[in-house]
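Participant: Sequence:
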Amino acid sequence: MSQDLHQKIYVAGHRGMVGSAIVRNLQTQGYNNIVTRTHAELDLCNQAAVKDFFQQEKPAQVYLAAAKVGGIYANNTFPAEFIYQNLMMEANVIHQAFEAGVKKLLFLGSSCIYPKLAPQPMSENALLTGTLEATNEPYAIAKIAGIKLCESYNRQYGQSHGIDYRSVMPTNLYGPGDNYHPENSHVIPALIRRFHEAKVSNAPEVLIWGTGTPKREFLYVDDMAAASVFVMDLDKLIYDQHTQPMQSHINVGFGSDVSIADLALAVGAAVGYQGKIGFDPSKPDGTPRKWMDSGRLNQLGWQAKVALGDGLKRAYADFVKNA
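All residue numbers for the sequence shown refer to the numbering used here, where the first residue is 49 and numbers rise by one.
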């Protein structure tokens, strides 16, 4: 780990679930020169504004956790916004970071970069080997472009300018700062809200869409933040030994997955719901399995620490606190 706790670090997207967790992690380690900007203060889609920011601040490191995100409904309804805004944010930040002399940058992607029918668990070499999931293809294309931006700048300017831009791909995340919107949230925050409302109203049953058999992998967001800082701080020789110039991204997963049925039971237990949990097989199941191969990261020496049950209790406490 770098010992320069005074170096200036810019965290883009610090109000989001992942960005705020990265700020927490850095502060816990003693970093005391963290730069942030709200969207109102700095629109990352505005090239001139981003240029001015970087020329003025000249950070030593950048964590690019800012993104336009949403569930299936949002991705399907606003595909132009998802591809445009994400492309603009990453292009502006990565290029202007380079122009301002930033040597180290970490780009945060998404597991949706992998093909819809990628073999499970999904390894880094599955990228660009097949057709993407149609519902979030624009978002996935933008995230793939972010990886390739980092790789391209490394290939062209790595030796001449000493830059080292890296990418990490998280699995499904949950925890403090999550989005609990009734329609636009992901599966864990959606279940937390439903079980909480059922507990408050003494509802006899919570009905879950589908059969409950699909399996998903979930990672607590503070584990993701810890992995991000770990990858950022890896010695370049070690990072290069475990990656390739044209396949430099690293998966970040929990290491195992869980069925939706078992997840529902775990959420119900964390919330303290006493009623019955049922399943509606007439509703769609979605992809049978989505599981990341985190072997590359594990070989580098990092493992997730927060078990699902413990993470769900913390996530529920955050939900109640901010409800």
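Errors might be hidden in some of the hints.
Said to hold, decoys possible - Just the calculated beta-carbon pair ranges, DEER-fashion:
| # | residue 1 | residue 2 | range |
| --- | --- | --- | --- |
| 1 | H54 | A88 | 26 to 36 Å |
| 2 | Q292 | G210 | 40 to 50 Å |
| 3 | G78 | S330 | 48 to 58 Å |
If you're looking for bench data, these hints aren't it; they were derived computationally from the structure. These numbers come from a predicted model, not from an experiment. All residues carry an ideal CB built from backbone N, CA and C; glycine is no exception.
Participant: None of the hints should be skipped; say for each whether it holds.
Facilitator: How the hints compare with the structure:
1. H54 <-> A88: 26 to 36 Å: Hint holds: Cβ distance 28 Å, inside 26 to 36 Å.
2. Q292 <-> G210: 40 to 50 Å: 20 Å Cβ-Cβ, so the 40 to 50 Å window is violated.
3. G78 <-> S330: 48 to 58 Å: 54 Å, holds
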